[in-house]
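Top to bottom, those sequences are chains A and B.
Here the first sequence is numbered in our numbering, starting from 1 and rising by one per residue.
Here the second sequence is numbered in our numbering, starting from 1001 and rising by one per residue.
Treat the hints with caution; some may be incorrect.
As the list claims (entries may be wrong) - For lysine-lysine, the following DSS-like pairs were computed, each having C-alpha atoms within a straight-line distance of at most 30 Å:
| # | chain 1 | residue 1 | chain 2 | residue 2 |
| --- | --- | --- | --- | --- |
| 1 | A | K206 | B | K1195 |
| 2 | B | K1207 | A | K205 |
| 3 | B | K1126 | A | K146 |
| 4 | A | K205 | A | K13 |
Calculated from the structure, these hints are not laboratory results.
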Amino acid sequence: MFQLMMQDVYTQKKNAYFTPLFLLPLMLSNSGGVRIFGFFVIVGLLGYMMASYSHYGTEESDRMRHRLLLSLPVGRRSVVAAKYVMVGFWWMLAFVFGAILFSVVSVIFGDGVGLSFFPRSIIPSLCITYLFTSIDLPVYYKFGHKVSQIVGMALVFTSMIGFVTWVAQTRLLPVFLKQPVLFLVIVTLIVTTVSYFLSLRIFEKKNF
Amino acid sequence: MENIMALNHVTKRFKGFALEDVSFSLKKGFIMGFVGPNGAGKSTTIRCIMDLIHIDSGDIELFGENIRNRLIDLKQRIGFVYDQDVFYGDLTAEKNKRVIAPFYKRWNDEAFYRYIKAFDVPLNKKLRTFSKGVKMKFALAMALSHHAELIIMDEPTSGLDPIFRKELLDILMDVIQDENKAIFFSTHITTDLEKVADYITFILDGKILLSEETNDLLEAYTLVKGPTTLETDIKAARPIALKATSLGFEAFMEGNAARQLTRKANFRLERPSLEEIMYYLVKARKR
């Protein structure tokens, strides 16, 4: 498993490491409140983008990469599991880069926006990264990166909007309002578990 | 002698192509050449052995064990060389090694650098800048650096210059000195096989046509040549294939049948090359 994770680090696209720069416009916002709220949402999205970059490639390069991996002494289950574990790693990188950027901008602006919200942003941003990637990964395993890039993105946003609408229309809304983080964690756990087994099922049946 | 690899009635169906009832085995200490025309199923068979393709029925055994049971452990003992660019093109050879080596419990860095030096592979250049031959050399260095007992190679000699092809064959002969090892390789270049392969397995249209010792195979068939005046006699002997030439005819026959012919008339017998055996067997099948 560790070797597979290292393989993801080695083969990550270089531009993935620049994605945290997308945070800059938010950082340069004058409103401290917007910056604080936007931080965990954008870090969550950046984590998703970095995870997505790690399997960026053409259909052919995907096939060759999997042909190589599966010729090594490694099982299909480990390949999929490593991908899901690495989502946490990419989120961590996005979070650390984001936090550093935020801190630097706060010092430059000197606007008194404290850094105490960082710990509170950890779980929501991690959940956002996992939720988005969990929708994306089964699409990637089934149809490849090209499709997951287009369909996956659309799917991510429609499912998010659909989910929020569904929550708002059901009795779950009070639960969400009362314990938003707990609610997010439970939903993320369910979606990620279902996604993992779906990806595994797709990947185990695939021929390379 | 113990089988290092055995395929028993392996079947895999795709849209428009199928591997049907593929059975053959390779013993420790031997080199098997896997031949057949383009699209015959050589690469597909290799992908089945490596479990990159799930077979519909049949069994594949490696080191005496069904690959369904302990595939991950079994792959520790396999070195592979593919015809395609499976390694990471955007990484240097050194970084590719750093990614791949930790997967193997018995990786030998010393052996790897020895091969890299012997093959003249630049370590600090990205793989995608390599020629096909250098890529193949790199893949071969990877396959030989973790004490693999079974080396599986898909068209390893294609794209290689004649000098390195010869060197490769020498390396394979060197590897096979260890009688616990075996080499299975597919190729179009049958002249290479005649030099090194102990066994030949011939696949055509997804079916195994023959799997025999190379010497037996070369003895089993004979080329019969003669003037056009003897064409009636040769036709009566029902050759596997018959071809008109500028000097008369060339018939491809089973060895025994050909030897009987010589008692009746003045035919000229020649031992066919592997390429000729392949050519005539394919021709006869397509007829």
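So, going through the hints one by one against the coordinates:
Distance hint between K206/A and K1195/B is unfulfilled; the C-alpha atoms sit about 38 Å from each other, more than 30 Å. A C-alpha spacing of about 24 Å is found between K1207/B and K205/A, which places the hinted pair at or below 30 Å, so the restraint holds. For the suggested pair K1126/B and K146/A, the alpha carbons sit about 24 Å apart, so the restraint of at most 30 Å is met. Between K205/A and K13/A the CA atoms are separated by roughly 28 Å; this keeps the pair inside 30 Å, and the hint holds.
Of the hints listed earlier, the one the structure fails to meet is number 1.
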